[in-house]
Structures are given as structure tokens and as C-alpha cells.
Amino acid sequence: MAFDKMELRDIEVWDGNFAAAQALRQAQVDVVAAYPITPSTPIVEGYAKFKSDNYVEGEFVMVESEHAAMSGCIGAAAAGGRVATATSSQGFALMVETLYQAAGMRLPIVLNVVNRALAAPLNVNGDHSDMYLGRDSGWIQFDAYCPQEAYDLNFIAFKVSEDHDVRIPAVVNQDGFMTSHTAQGVHTLTDDDAYGFVGTYKPMNDMLDFEHPVTHGVQTEEDWHFEHKARQHNDMMTIVPGKIEEAFAAFEKLTGRKYNKVECYDMDDADVAVVCMGTSVETAREVAKEMREEGIKAGVVGIRVLRPFPFFEIAKALKDVKAVAALDRSAPGGAAGMLFNEIAGSLFNTDSKMLLSGYIYGLGGRDLTKAHLVDLYKELQANADAGKVLTKQQQFIGVRGPKLAYL
Amino acid sequence: MSEMKKIKNLKEFSTSADRFEGANLLCPGCAHSIIVREVLNATNDDLVLAASTGCLEVCTAVYPYTSWDASWIHIGFENSSTAVAGAEAMYNALKTKGRLKQPDRNPKFVAFGGDGASYDIGFQWISGCMERNHNMMYIVLDNEVYANTGGQRSSSTPIGSSATTSPAGSISYGEKMNKKDMMGIMAAHNIPYTAQVAPNKWKDMVKKIQKGFATEGAVFINAVSPCTTEWKFDPKDTMHLTDLSTDSLVFPLYEVINGKEWNITYRPKNVVPVEEYLAAQGRFKHLFKDQYKHMIKEWQERVDANWEYLNRREEARV
Numbered sequence: 003m004a005f006d007k008m009e010l011r012d013i014e015v016w017d018g019n020f021a022a023a024q025a026l027r028q029a030q031v032d033v034v035a036a037y038p039i040t041p042s043t044p045i046v047e048g049y050a051k052f053k054s055d056n057y058v059e060g061e062f063v064m065v066e067s068e069h070a071a072m073s074g075c076i077g078a079a080a081a082g083g084r085v086a087t088a089t090s091s092q093g094f095a096l097m098v099e100t101l102y103q104a105a106g107m108r109l110p111i112v113l114n115v116v117n118r119a120l121a122a123p124l125n126v127n128g129d130h131s132d133m134y135l136g137r138d139s140g141w142i143q144f145d146a147y148c149p150q151e152a153y154d155l156n157f158i159a160f161k162v163s164e165d166h167d168v169r170i171p172a173v174v175n176q177d178g179f180m181t182s183h184t185a186q187g188v189h190t191l192t193d194d195d196a197y198g199f200v201g202t203y204k205p206m207n208d209m210l211d212f213e214h215p216v217t218h219g220v221q222t223e224e225d226w227h228f229e230h231k232a233r234q235h236n237d238m239m240t241i242v243p244g245k246i247e248e249a250f251a252a253f254e255k256l257t258g259r260k261y262n263k264v265e266c267y268d269m270d271d272a273d274v275a276v277v278c279m280g281t282s283v284e285t286a287r288e289v290a291k292e293m294r295e296e297g298i299k300a301g302v303v304g305i306r307v308l309r310p311f312p313f314f315e316i317a318k319a320l321k322d323v324k325a326v327a328a329l330d331r332s333a334p335g336g337a338a339g340m341l342f343n344e345i346a347g348s349l350f351n352t353d354s355k356m357l358l359s360g361y362i363y364g365l366g367g368r369d370l371t372k373a374h375l376v377d378l379y380k381e382l383q384a385n386a387d388a389g390k391v392l393t394k395q396q397q398f399i400g401v402r403g404p405k406l407a408y409l
Numbered sequence: 181m182s183e184m185k186k187i188k189n190l191k192e193f194s195t196s197a198d199r200f201e202g203a204n205l206l207c208p209g210c211a212h213s214i215i216v217r218e219v220l221n222a223t224n225d226d227l228v229l230a231a232s233t234g235c236l237e238v239c240t241a242v243y244p245y246t247s248w249d250a251s252w253i254h255i256g257f258e259n260s261s262t263a264v265a266g267a268e269a270m271y272n273a274l275k276t277k278g279r280l281k282q283p284d285r286n287p288k289f290v291a292f293g294g295d296g297a298s299y300d301i302g303f304q305w306i307s308g309c310m311e312r313n314h315n316m317m318y319i320v321l322d323n324e325v326y327a328n329t330g331g332q333r334s335s336s337t338p339i340g341s342s343a344t345t346s347p348a349g350s351i352s353y354g355e356k357m358n359k360k361d362m363m364g365i366m367a368a369h370n371i372p373y374t375a376q377v378a379p380n381k382w383k384d385m386v387k388k389i390q391k392g393f394a395t396e397g398a399v400f401i402n403a404v405s406p407c408t409t410e411w412k413f414d415p416k417d418t419m420h421l422t423d424l425s426t427d428s429l430v431f432p433l434y435e436v437i438n439g440k441e442w443n444i445t446y447r448p449k450n451v452v453p454v455e456e457y458l459a460a461q462g463r464f465k466h467l468f469k470d471q472y473k474h475m476i477k478e479w480q481e482r483v484d485a486n487w488e489y490l491n492r493r494e495e496a497r498v
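Read top to bottom, the protein sequences are chains A and B. So the first sequence is numbered by our numbering: it starts at 3 and just counts up by one. So the second sequence is numbered by our numbering: it starts at 181 and just counts up by one.
Read the hints as simulated data drawn from the structure, not as lab findings. The C-beta atom is built at its ideal place from N, Cα and C for all residues, glycine as well. Hints are supplied without guarantee of correctness; some may be wrong.
[To be verified] Derived CB-CB ranges, DEER-like:
no.	chain 1	residue 1	chain 2	residue 2	range
1	B	Ile444	A	Lys231	48 to 58 Å
2	B	Lys281	A	Gly198	14 to 24 Å
3	A	Asp55	B	Lys281	25 to 35 Å
4	B	Met419	A	Leu124	37 to 47 Å
5	A	Ala122	B	Ala485	40 to 50 Å
6	B	Lys416	A	Asp225	50 to 60 Å
7	A	Thr184	B	Arg497	35 to 45 Å
[As the list claims (entries may be wrong)] Chain B is nowhere near these chain A residues, computed Cβ spacing over 12 Å in every case:
no.	residue
8	Val63
9	Gly258
10	Asp387
Can you build the whole structure from these sequences, using the hints too?
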């Protein structure tokens, strides 16, 4: 029985979860092995409904845990076809072992992570703790700020991940609830255009090719392990960035929507800038415009590709900026925030005289308000005027009690 | 149509072209390799194999070598079952979509795991695969101990056995818990086929494996795999130990169809006392000291009771 195509309007009103589910349908994924968890559950539910209504021809396996979901995805990917799933938070944490295995085995898989806080205390709302937990797992990582991007980046993720020169799995992050459950207008692709963009899956080292048996997931000890890991890092650093650029360019040609590894807003003449991810980018963009009316040359830098980290693009975006804030939405656990460190690393050993300060915000879904950002930009301007960081280098914003500041 | 191998005698077995190479790092006398060869030799069909982390895995796929002349995957300790289930799902998807490279083949999906990987850490994954009734076979290489990591107790380790984490000593007879009834638990999933096998009874084993391969749906096999290193016997005695295990009824050979129809497939003509089985292994040596001798009698009673239970299950047909 052939599956049915779906007629979409040019603009549909979708939340981030449904946008991701639609992208998986249009990519004609061969196997989805999944387990539900808030707030990513509707991706899996949406896909299940597509399957029940004959809009999906591939296999849909509802397993008994997130660890099993990714284990099934790995087996399916090694067998030789397009594979995807979705998760959040605790489910992501349970998956971590297999995330490293998927990456180390060079299997292209697309994982939608609807970002949510990590317990304890238990919390279902959005922050970036899960994203940060997986940042060194060897996956390519994209970040969507809204439902449109959650939709688009899935196609781009398949395209990059499945490239035979890449063969590295990819995560598409979106903010829990703020993106996943907020309906917005989403410009759609037709089913044919979407599938045409990702293309039919081209297997490599596939277990279902019985003329060429392959051994997947071998043991390597001190004699070969390092070479495998080094080679993979090398590909992340030298091959993947170009492949992402190519995919962004091809997607722009198809849709007119342009993505960059680092998104710059009002950055051409900015004196002060905020670097952040997720829905905070859009809030910061609005505040930056208002700050400009008050005479502060404010800009925003959004991280679109977290891994491989866009060091040079960050350095370029921030080289003439006087004061920068790195906004990290994850408990730093006794260190500077991850973005603070990555940005510092990007600018270190350059001519930049940038003043960098770090802000921890929004844990467990706490709102980042415009008022927070107004204060933040003013602090940055004061730093810029003084030529030094006047506050502690790490501050918590939006948390009850006396001000928390360190470093 | 499945292609079953017709093998008449042991010589044919040993000379049969196989897809598991003798070039592996398993201990001399390890029953794992014997069982795996018997399984792979039971069919001419293509195979998609998985192994959980453990002796079989670390001894057969050390880069840049492999002992496997068939599609093979290892992910982790707990998930060989789900790895194969994922591959089986992909096979079904590509079949539906007409994208199989060799659409005329009829591959078999088989996962291997030790008792640690199966009774303990991978228990949930196996249960999930059985419940979803994937068209696959899961085989436990049951040596009743975490052998790869040096002899720690698993939930398959029988009472009175001395393991490194439940060592016998001046006030302890070793392992305190009875072996988990994995066969009963798997049969309770009401899967099409569940069977216990032993490599010494190779005709019984091949018959069951072939029955499993001919089954549509999930198959669970528990294979007794005497471990020279951890059971502590001479490597040349592997088959002798296996004989003792089946003929003392410590490892009764039986099958369960659809969770309801229980069939005992081997009734030893001369049942060996359990004491002989225990006496042949260093892991039970301490049980022959006066202070722990009562354990031997209890062992015999337990084995008798289990045999009685199996006979009644067979009779009941429910």
C-alpha cells in the first residue's frame, strides 16, 4: 500500500513539536524508534498519527525507554536507512551512553531534543541542561529558536549527517514549551520539495548488504582508540563546517531562508552584544532594538551550530565589540558557563579587547524578561565605557534572594 | 523460504563451512564458541547478528580483526536485543519501500548476550523486544557469572556458588540467592517460542534453533555455557560438565510454545546425582566442607522440585 502525501498550506500554524514531526514525515524516515517524554512527546505522537493515517511508510517502534530508543536507532542506522527520534531532559540523560556509541560508530541519526531542565529537583520546563550534557558526545548540534527553524533544521540535519563524508549523527535543539508548544506561522515545503532536498538515503557499510558483511562496534584499546577519536574530531573540525555551509546554501536556494552557523543581529556597528541560544535570541533582538533608541549600540549573536563550535565565526562577529555577555541557560556546577568559556576561547590570542561577562539565567523555565536584558545591556555599556568589567564575571539573573555573583 | 541446514553427524558439524571463525580470543574450552557455531550452522540463510558487551564480544571483534563473516553489531552491555530489533525494523521498512539490495534473501536476526547482559543489565531491553514480538532470536550464553570482568555474581549465579562478589568464606557459603527463572519469565511474555538448550545435546539444540528460525516472531533461547575459568574445571572437560548439567537435571532441556505448551525434550536415562555436578567444579568446592554440606542436599531437593514442576507444566498444557 503506497503512503499518502499531505497537502500543506504555504503557511501552517504549527508549534515546534508538530513542525519537527512534519519534517520527519516529509523526510520519509525509514525507522523511528522512540519513547515519550515531556515536552518532546507530541513529536512522537504526531508521527504515530501520521503512521496510523498512512502518511508514513517507514517503521515506527515504540520502545520501553529512551536508552532503548537510541539503541534501536543505532541498530536501524547500521542496517542502512534513514533514522530519527526525539527526546528531552531525563530521557536524553538516559540516552547519553548510546549517544556516544552512535557518534563513535559513525551512524547518521537525527535526534530532536526539546530542551528541558535536568532533575533534581524535577522540572518539566525549558532550559539547556540537556543540550549541555550532550555537547561533547560527538554529535553535530543545531539550535532552533522558533518552530520555523525547528522544521527547517531537521531537513538540514539529515542532509549533513547522512553525507558520506560526514556520517555523524545530528541533534536539532528547540526550547521546551517556549518553542515546542508555541504555535506560530511556519512556511512549509511541499512533500516533494522536502524529500527532494534530503534525497533518498544512500546506505554505506549497511548490515543488510549480505554480499558485504560488516562488523560494527568493535573493541579498540590503547592501540587504536585514540586514532578513531582523533579522526572523528578532525572530520568535525575540517569537513563538517563546510558541509553545513553547503546545506545552508542549498536550503536558501530552495526556500529563500538563510541560516548561518552564527546568527548576527544589529551587529554591524554594535558596541555591546549578547550571545545566547534558543528563544532568548528573539527576546534579545527585540531589546537590542529598544536599546538603540536609547543610544546604546546593542547587538545580538545567536549560536546556530553548537557543534562543531563556530570559533572563527564567533571571533569575527565579536572582534570589534567592546563588551559582550555570554548567556548560559544551564547550571554551571562550579565553573564558568559553557558559552562563556567557548567565546573566551574563540577570542583568546586575537587582537580583540572585548570585555566578557557571563550570565546564568532561566533555569527550570524561569522567564528571561525584557527588563532583565535592559539591565544587562546597561551593565555592558557601563563596562564598555569604563574599559573594564565592573561587576563580577559571573552573575545569576532572575533568581530570588541576594544577588549571586562570582569570579 | 528459510534454508535449514541438514547435518547428520558431529563430523559434518565440525567440517561445515561456518561464519564464525576459529580465530578468536575465547578461552580454550569455552562453551560460547561451540554454541555460537551450532547456532550459525543451523541455517544457510543470511544473518544479522548482535552481541552484548561480554566475553563473546571482546574476544571476537578486536579492531582491526573480526571473527564474524556475517553482518554483526555490538553497541553496549544491555542493548544487543534492541540493536537487532532496530535492524529488523529497518529490514521491514526497506522491504515495504522496495529498497532492499538483495530482496530475495530471508535474513535471520539473532542477538547474543551473557547472563549478566541478559538476566541483569539488559533485562528490560530483552523484555521490550519480546513484548513487541520482533522477528528475532535472543540467545543467552548462560555461564552463571560475569566472566568477562572476572567472576562477579549475576542474578543467574546459583546459590552456594563462590563468586568474587559473593565469595565463600569462613562464615559464608557464597552466593545467597537462587538463580533467576529467566525461562519462566520469558515464557510469561507469551512469545511464540522459548527454549533451553545445551551444546552437548547438539541435535536437540539444532532442532530448537531451527524451530526458532522458522518461527515468525520473538524467540528466546537460554543456552548453558560451562565456563572453565569461573566454574573452575579443566578446559578439556567442557562437554563432560555440560553432560553433568543436563543429566543431573540442573539444566533441564525443554521448550515452551506460545507460553502455554511446555515440552520436556530430553529425559536422561540415568539421572546423575546433583552432588556429582557440584563436585566437578571448583566454584562449589566449599560445599563439601562439613559446615556447608547441608547445601548439597538442599540443591538436590531444589532440582527435584523443579523437575517435578516442569513435568506438571508439560502435563497441564495451560
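Outcome of the hint check:
1. Between Ile444(B) and Lys231(A) the CB atoms are about 52 Å apart, so this pair conforms to the stated range of 48 to 58 Å.
2. At roughly 23 Å, the beta-carbon separation of Lys281(B) and Gly198(A) lies within the given 14 to 24 Å, and the hint holds.
3. Here the CB-CB span from Asp55(A) to Lys281(B) is close to 30 Å, well matched to the stated 25 to 35 Å.
4. For Met419(B) and Leu124(A), the Cβ-Cβ distance of about 54 Å falls outside the hinted range of 37 to 47 Å, so the restraint is violated.
5. Taking 40 to 50 Å as the suggested C-beta distance range, the pair Ala122(A) and Ala485(B) conforms, at roughly 46 Å.
6. In this structure the hint that Lys416(B) and Asp225(A) lie 50 to 60 Å apart at CB is violated, the actual value being about 33 Å.
7. Taking 35 to 45 Å as the suggested C-beta distance range, the pair Thr184(A) and Arg497(B) does not conform, at roughly 58 Å.
8. Interface exclusion of Val63(A) from chain B breaks down, the closest Cβ pair being 5 Å apart, not more than 12 Å.
9. The beta carbon of Gly258(A) is kept farther than 12 Å from every beta carbon of chain B, the shortest such distance being approximately 31 Å.
10. Every C-beta of chain B lies more than 12 Å from that of Asp387(A), the closest at about 55 Å, which supports listing it as non-interface.
When each numbered hint is compared with the structure, violations occur for hints 4, 6, 7, 8.
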